[in-house]
Structure formats: C-alpha cells, structure tokens
Amino acid sequence: MGSYVPSTLQERQEMLASMGLTSIDQLFEHIPAQLRLDHELDLPSGKSELEVSRQMNRIASHSVVFDSIFRGAGAYDHYIPAIVKSVVSKEEFLTCYTPYQAEISQGVLQSIFEYQTMICELTGMDVSNASVYDGATAAAEAVNMCCERSRQTVFCSSAAHPETIRVLKTYCWASGHNFVLVPCREGKTDLEAIAPQLDKKTSACLYIQSPNFYGQIEELDKAAELIHSVGAKLIAGCNPIALGLLKTPAEQGADIAVGEGQPLGMPLSFGGPYLGFMAATSAMMRKLPGRIVGETTDVDGKRAFVLTLQAREQHIRREKASSNICSNQALCAMTAAVYLAAMGPQGLHQAANLCYQKAHYLADQLCSIPGVSLKYTGAYFHEFVTELPQAEKVLSALEREGILGGLLLEDGTVLWCATEKNSKEDIDRAVEIVRKELL
Amino acid sequence: MQLLFERSHCGRGCSLLPASDVPCAPLDDSLCRTQAPHLPQLSENELSRHYTELAEQTHGVNNGFYPLGSCTMKYNPKINEEIAALPGFTKIHPLQPEATAQGCLETLYLADRYFSEITGMDAMTFQPAAGAHGELTGLMLIKAYHEARGDFNRTKILVPDSAHGTNPASATMAGFQVISIPSLENGCVDTEALKQAADEHTAGLMLTNPNTVGLFDLNIAQITEIVHNAGGLCYYDGANLNAIMGIVRPGDMGFDVVHLNLHKTFSTPHGGGGPGSGAVGCKEILKPFLPDPIVVKDENGYRFSGNNPQSIGSVKAFYGNFLVVVRALTYVLTLGREGIPEASTNAVLNCNYMMNRLKDVYDMAFDKGCMHEFVMTLENLKKQKDVSAMDVAKALLDNGIHPPTMYFPLIVHEALMVEPTETEPREVLDHAIDVLHSIYEIAQAEPEKLHEMPLHTPVRRLDEVGAARNPRLRFQF
Chain A
27 MGSYVPSTLQ ERQEMLASMG LTSIDQLFEH IPAQLRLDHE LDLPSGKSEL EVSRQMNRIA
87 SHSVVFDSIF RGAGAYDHYI PAIVKSVVSK EEFLTCYTPY QAEISQGVLQ SIFEYQTMIC
147 ELTGMDVSNA SVYDGATAAA EAVNMCCERS RQTVFCSSAA HPETIRVLKT YCWASGHNFV
207 LVPCREGKTD LEAIAPQLDK KTSACLYIQS PNFYGQIEEL DKAAELIHSV GAKLIAGCNP
267 IALGLLKTPA EQGADIAVGE GQPLGMPLSF GGPYLGFMAA TSAMMRKLPG RIVGETTDVD
327 GKRAFVLTLQ AREQHIRREK ASSNICSNQA LCAMTAAVYL AAMGPQGLHQ AANLCYQKAH
387 YLADQLCSIP GVSLKYTGAY FHEFVTELPQ AEKVLSALER EGILGGLLLE DGTVLWCATE
447 KNSKEDIDRA VEIVRKELL
Chain B
1193 MQLLFERSHC GRGCSLLPAS DVPCAPLDDS LCRTQAPHLP QLSENELSRH YTELAEQTHG
1253 VNNGFYPLGS CTMKYNPKIN EEIAALPGFT KIHPLQPEAT AQGCLETLYL ADRYFSEITG
1313 MDAMTFQPAA GAHGELTGLM LIKAYHEARG DFNRTKILVP DSAHGTNPAS ATMAGFQVIS
1373 IPSLENGCVD TEALKQAADE HTAGLMLTNP NTVGLFDLNI AQITEIVHNA GGLCYYDGAN
1433 LNAIMGIVRP GDMGFDVVHL NLHKTFSTPH GGGGPGSGAV GCKEILKPFL PDPIVVKDEN
1493 GYRFSGNNPQ SIGSVKAFYG NFLVVVRALT YVLTLGREGI PEASTNAVLN CNYMMNRLKD
1553 VYDMAFDKGC MHEFVMTLEN LKKQKDVSAM DVAKALLDNG IHPPTMYFPL IVHEALMVEP
1613 TETEPREVLD HAIDVLHSIY EIAQAEPEKL HEMPLHTPVR RLDEVGAARN PRLRFQF
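Just so you know, the sequences run in chain order A and B. Going by this note's numbering, the first residue of the first sequence is number 27, and it counts up by one from there. Going by this note's numbering, the first residue of the second sequence is number 1193, and it counts up by one from there.
Calculated directly from the structure, the hints in this document are not laboratory data. Take the hints with a grain of salt, since some may be wrong.
What the hints assert, rightly or not - In silico lysine-lysine, DSBU-like type, Cα no more than 35 Å apart, as pairs:
hint, chain 1, residue 1, chain 2, residue 2
1, B, Lys1283, A, Lys214
2, A, Lys328, B, Lys1577
3, A, Lys214, A, Lys328
4, A, Lys214, A, Lys248
5, B, Lys1387, A, Lys346
6, B, Lys1641, A, Lys328
To be verified - Taking CB as the label site, the calculated pair distances span:
hint, chain 1, residue 1, chain 2, residue 2, range
7, B, Asp1626, A, Ala337, 48 to 56 Å
8, B, Ser1497, A, Glu212, 53 to 61 Å
9, B, Asp1578, A, Leu207, 53 to 61 Å
10, A, Leu435, B, His1420, 44 to 52 Å
11, B, Pro1218, A, Glu251, 41 to 49 Å
12, B, Pro1374, A, Leu435, 35 to 43 Å
13, B, Gln1227, A, Asp390, 44 to 52 Å
14, A, Ala337, B, Ala1637, 48 to 56 Å
None of these values were measured; they are calculated from a predicted model. The beta carbon of each residue, even a glycine, is placed where N, CA and C say it ideally should be.
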C-alpha cells in the first residue's frame, strides 16, 4: 500500500513509549466503543504509485480529447502560454495556504495585489477582491452585496448563462431574496419588460451578462440607466477575454463587475477549478466578500502587502460577515495574473480580436450552407446561435471526426464558439463536414 | 521587491499568438473600450524571474514545518499533480456528450462511493468549491428537507461558541438565525444548554468532532440525539476529519450531512487559499435535495441523472473543482483501506507526542490526550512577561517554522493551535519542540526581545491598522 507517513514502526513505538504508551490504539481508547467502526473501511487495498498511476491513466483514457473545439457556453478553449503552467506549479505557491503570516507570504500577497490591479484595469472598476469560486458564485455574492433591508428583489436576465441563473435562484431561495427572471427578446435582455416592475423601495439589483449566453453583446449602459433610476445596482457579468476589445462594465455604469475567469489560462478541466473574479466601485468596497490584499509598510518602513479590511470577514464578524467565504481560488487568481502579464495589452487585444474574427468567419461559412442561418441579428463577440437542421446528426458527425461542435440548445438551435485556437483550416474542415451531412 | 508594473517596459512582451488567417470582420467602434488596460509588458525571462523571486518570499509546506491548526497542512503528493495534469482530465469540456466524458464521470462516481464510505454517508456532491461553500450547501439541504415536510418554522441553527467563523456566516447566508451554544470548560458541548436551546424552531446543529480544541466529544451520540429528538438535523463540519478516518465515522455518530475539505484531509494542495473542494455527503433522507446532477452507473456506463424535482438547484456552475477531486481520488486509491486509518492514527500520534513534550513549559488549554491538534494558552506568559501568542508566533518565523493558528478558538485566551499532521518525521517535531523551548527561555529572560521578532524574514511586522484605515488595494499608474 501507499503511505506518506515517514516514521518507521520502531520510531512510532519510541514516540509512544515517551508518553508511557505501548500501542497506538491507546490514543483512541476514550472514544466510546459503540461509536467505533468495527470493520475495515470498504475501500480497495492501498496501491503502489505505479499501480495508481496505471489505474488513473486508464480512467483518464475513457474520455475523448477533441482535437478541435467549437463549444464554449461558459467554458472556453483558449491557448495557455507555457509560462503560466510553469509558474503556478512552483511548490511554494502550490503548497502554501491563505497568507495569514504576511512576513513569510509576501510572494503570494504581492501576486494577489498584482492580480487585483489587473482585474481593475480589465473591468475599469475601482477595487477587486482576491477571487471567489467561479463566475456563477461571483454573481451570487454580488447579489448579496446589493440586497439591503427593504431592497430584496433581484432581477436576473434570462439571457445569462443557465448555470448562473440556477445558482442565483438557489442562493436567493436560501437567503429569502425575491428572484425575478427578466425575459429576452431577439436573444437579448428585454429591458422594457422589467421597467414596470422596478420599485424604488424593493428593487436591489439587476444581473446582466454581456456577451450573454447566446453570444450577443448587451446594452449595459441602458440597463444601468434603468436600474439606477430606482436606486438599485447593476451587476455586469463579463468575459475577461472580450474585455481586451469591448467596452468595460465601468464605462457602461456597472456597480459591480463579475465573471468567469477560466479563459485566463485555466484548462477546461471538466468544469473546474475555475475563477470567479469580482470588482466594484469604491462605494461598495466594504461590502465585497472574501480576501482583499492591501499595501502597507513594515516596522522598518519597507513596502509590504497584507490581507486587509478583514472586519468584513467571517473569522471576525461571524454571523454578521459580508460572506462566509474563506478559501477562494487563490492559485487560479495567480494563473489569471500570469496569463494577463504574459499576454500584455497587445497580446490580450490580439486574443480578443482573433476570437472575434474566427467566430465571424465560422458563422459566415456555416451560414453559406442552405438551411443554416444566424438566429439573432445583434452584434456578437465569439459565440453565436444558428438554426441548424438535423442538429444532433450533424454534431455526431463532427464528433466522429474528432471535432466538438456547438452546443445543442433546448429549442433545437446550436450555440457555436470560436477562439484563437481554431485555425482557418480547422474551421473549413468542420464546415465541410456540416455541409456534407446536410446535402 | 518591484511589482510587475514597475518592471514593465513599453514595447516588450512575449510572442504567443499567430496573425489572423481569416478575412477581417469589421467591429463597430461604439462597442469597443476607449483605453487599453494597463497590463505589464515584459519578456518571458523577466516574467519568469519575477515569479521566481515571489516564490522565494513564500513559505509552503515544501519549505518547512507548517503546523497551522485546523488547516491540515500535510504533504501534497506529486503523483496527484501528475494525474490531475493528464489531458484526459484537463482537456475535457464540461458540456461534452456523456459518452465522451466517461473517465470524468467514473472519477466522480468512484469519489462518491469512497468518500461516502469514509464518512458513513449515502451520497455525495462535489459541487461545493471549499469548506465554507460545503457548509452553505449542507445547510441548504437541511432547509429544503424541512420545507419539503411543510415545516417552515425551523429557522434556527445551533452553533457552539467554539466553532469556526464560517459556521455562523454560512448559516446566515442560508437564511437561518444563529443560536450560539456555550461550550463547557473542556471545550465540549454543554448538553444541558443544548437541551434548552433545541426546540421546534431548530433546523439543525453544526458541529465538528473532534472539536476545535482537538478533543473528541464523548457525548456525541447524546448530542445528536437531543437535536434529532427536537426534530432538527445534524451537520458535521469535516475540518477535523483527519483525526478519525477509519476509526469512527460522522454517519455513525448521528450526523445527517457532512462536508469534507479535500484540500485538508485528502492532501490536495492549498494553493495559497484555494482551489479547494468542499464535497458534501448526506444520508438517504437528504439525498433528494442534493444539487443536480449526480453521477449514476447503468449497463451503458456512467451518466448524469439530472432534473431532480426536489433538488436545491446548483451552488456552482458545472460539477465543482473537478481536478481537485481527481487528486483526492488518487490519494484515496494510494492509501486504500489500510493507509487511510494509518494516516489518522499517525496524525494523532504526532500531535500527542508534541503536546506531551511541550507541556513542561507551555500551558495546554486542555491537559488531556488530544486528537490531531492541540491548543496552548499563553495567558500566563502574557500576564507575567507580556509575551503574547502573536509574539511566540512571530519568533517561530525566524526559525523557518510556520506558526500555529493564532487566537483560535475564541474560547481560549492567547491561543496557539498546533496541528503537526502525519506526514512530518519525528526530527521535524523534535526541532519545533526545541525551538519552542528556546523561545520560552527568551520569554523568561529577555521578553522584550520577542516584541521585535521576526528579524530575518523578507519583511518584518506590518502596519495592519494603517492598511485597513487607508486602503491601497491596487497599483496606481
């Protein structure tokens, strides 16, 4: 069996003897016998590293790694620079914990400070926290920041990612907030539909994702104007790669910007670990959940970084804390920071532009096939929805050729995505397969 | 140390992406941001050195002893990292057809079985991303259970005053009112106070056992029975599971729902504060309420069973921090049925050994056999020599040892909570014991010296008050 206990049996006996004991079982004798497990755990016998490696490699081989991916829907296949993996696999970063002891944690603290700065730059907002679990929970935490005594009604666009909607619904049910889904029109949030429901006393916030689940770019500025007219807040869900090109949530009047940070250097990984990023106006700073790193000095006057504004947090405020969050996604935040630093302003712009160009090329090519057309006419970034006859058959044909096509939606349409990783050659090949299937 | 932004030079960068190979599609200027973000501009060499320098100023488990109580800073095996980096795990899209993601589904299925067995539960969800997230999820299950029975009056969650701050914070987020239950002097639950508090408004109790002072609460069967008799459910905070694996199970103590910290007990790296995994297990009665979807196995292989009408919904997108689950499963397969209890017994042995050798000079909060962690109280040292728990902690920094958890639990004054874990060899424990003895001698002879420490760390004691009073939370360009 495998074991990571270094002490030999003899050493264990010596340690026990130093306490006047002869058997390790004596350390557990006080636990009532009727509670103690009277049999071995029903687990496989322990294995050597070689055997475990063989078994896990075999399990991993039971999934299909697609050569070419045209599916996004909340998890995006982007190029990950080699330096990203190399930095975040450094043992110091991997094996440390939350930097409570700042004197021996300056490396991780400074990296979070740099991350916070880059998230502020990306979103245009004033202040960022050190991360939350993912984009969906970031939206849920943002909602909690906006709900106050009488303001308990939460509006959520039905064009947001379905997983985010589900998470928001669950969080609102638990906390007792009133959850209202805003309908869509033409693949975008129908702002006119909520206008009559807005109320100066009860409305807390509106959550809109842009580009939304269907890839459409929303009019956040109009949403901001509308929601601010009743004194409520706008929470903007954003795609961080799109922010290399598109207007920032701050430019459009958002109070809180949240999003799924996975595109910033994290592999698809069957859904996680990903990264929830969160930034807000300075007016909302003290309502932010989770860790925040600040700059200060040490006793010698040297610049240093430290966890700060902790009076918001659970270990101080307990049931009155702004959130229960303790562990977040620190290493994923570092991943995003290294990614953004490696890309730089030009690289990020280039990645965003390539996504935009490839998606539009893919859409043009697909729509040149009879029967295939764009479902929505608005501007989009790197995702779009098409009508596609015999969608299931077409997607299976793509899968057989090692291509993960778009995502089949409930209404039979297909949500496609392209990124900088999809070459013209790959796109042409995929389109040809679709064309052949529909002949 | 310079920041990335201070090292940046306009025009530098890494060449990472090719030029576009498709015809140019126009983009309306009105949709575009007006100013590019200030991101650093560095060559790969500069970037690489920057992070090497940051790593040198970071203490991880691999740099030295890390007895941070309640956090189980055990060694993170390398094979776990290697397996979690396999393309068959990292390159799988969460919305791939099930038939093409069988390996990922099998991973979740096996993890469900093994962790259910270790905890004595009937089903697990891996959606929660961290311990506190697991707490929130578990409390939501309790809420859904009562509501499904038409009982909307159970609005209170009982939490001992010795509990971790996440417990009451999670209860608030789940829409409950928190009732604090006083602990006895030995840190255990005051069963009389519990009887008084448990009534028709009690939704449940949150508890960890061993408790936050490292003692196994011998009345645990009675405690869970009191809550059950009042109609409430019992939530097990898995923070301290490393003490009891294969010896006693939360399910057998009467708990209905548990969360595990896979990043503590099951050796996945803490990563500077995540990603972790707060897997939640529950008994059959709570299974209908688990977040969707759950993996099931039938003659065609593994698949998700979703759309459960009673499910609480989702607490996170997709299926949780999947790669963390991969690591934890690798660990369980390695240790197996023999190694899992061996880890716990040696965690308890290491802990008792340290406590026993320190109690000649340090006061123990509870001077009896501990489980996987023990709590020292420096109240007397503080009174007599003005040396605080913080001072001792900071002196440890100069000796390459990460300090124990300070000032927790709140019921112990000047607390230092020590959790050595099973993966430390005896000489590391002996060295830490020697260092703590020498710090004690300094405290007796020249206590004022300890107020100056640390002396040899990259930075020394920080102005934390100034940081909070005048927050500087980003670099100003």
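Structure-based check of each hint:
For the given pair, Lys1283 of chain B sits about 31 Å from Lys214 of chain A by alpha-carbon distance, which is consistent with the 35 Å threshold. For a cut-off of 35 Å, the pair hint linking Lys328 of chain A to Lys1577 of chain B stands: about 29 Å separates their Cα positions. Simply put, Lys214 of chain A and Lys328 of chain A have alpha-carbon atoms about 51 Å apart, too far for the 35 Å limit, and the pair is violated. Between Lys214 of chain A and Lys248 of chain A the CA atoms are separated by roughly 12 Å; this keeps the pair inside 35 Å, and the hint holds.
Among the hinted pairs, Lys1387 of chain B with Lys346 of chain A is consistent with the structure: their alpha-carbon atoms are about 25 Å apart, no more than 35 Å. Between the alpha carbons of Lys1641 of chain B and Lys328 of chain A the distance comes to roughly 21 Å, so the proposed pair stays at or under 35 Å and holds. Remark: the range hint 48 to 56 Å for Asp1626 of chain B to Ala337 of chain A is contradicted by a beta-carbon distance near 38 Å. At about 35 Å, the beta-carbon gap between Ser1497 of chain B and Glu212 of chain A misses the expected band of 53 to 61 Å.
Distance hint check for Asp1578 of chain B and Leu207 of chain A: the Cβ-Cβ separation is about 60 Å, which falls inside the suggested range of 53 to 61 Å. In this structure the supplied range 44 to 52 Å holds for Leu435 of chain A paired with His1420 of chain B, their Cβ-Cβ distance being about 45 Å. Distance hint for Pro1218 of chain B and Glu251 of chain A: a CB-CB separation of about 27 Å, inconsistent with the stated range 41 to 49 Å. Checked against the hint of 35 to 43 Å, the pair Pro1374 of chain B and Leu435 of chain A fails, with Cβ atoms roughly 54 Å apart.
Separated by about 30 Å at the C-beta atoms, Gln1227 of chain B and Asp390 of chain A break the suggested range of 44 to 52 Å. At about 37 Å, the CB distance of Ala337 of chain A to Ala1637 of chain B disagrees with the hint of 48 to 56 Å.
When each numbered hint is compared with the structure, violations occur for hints 3, 7, 8, 11, 12, 13, 14.
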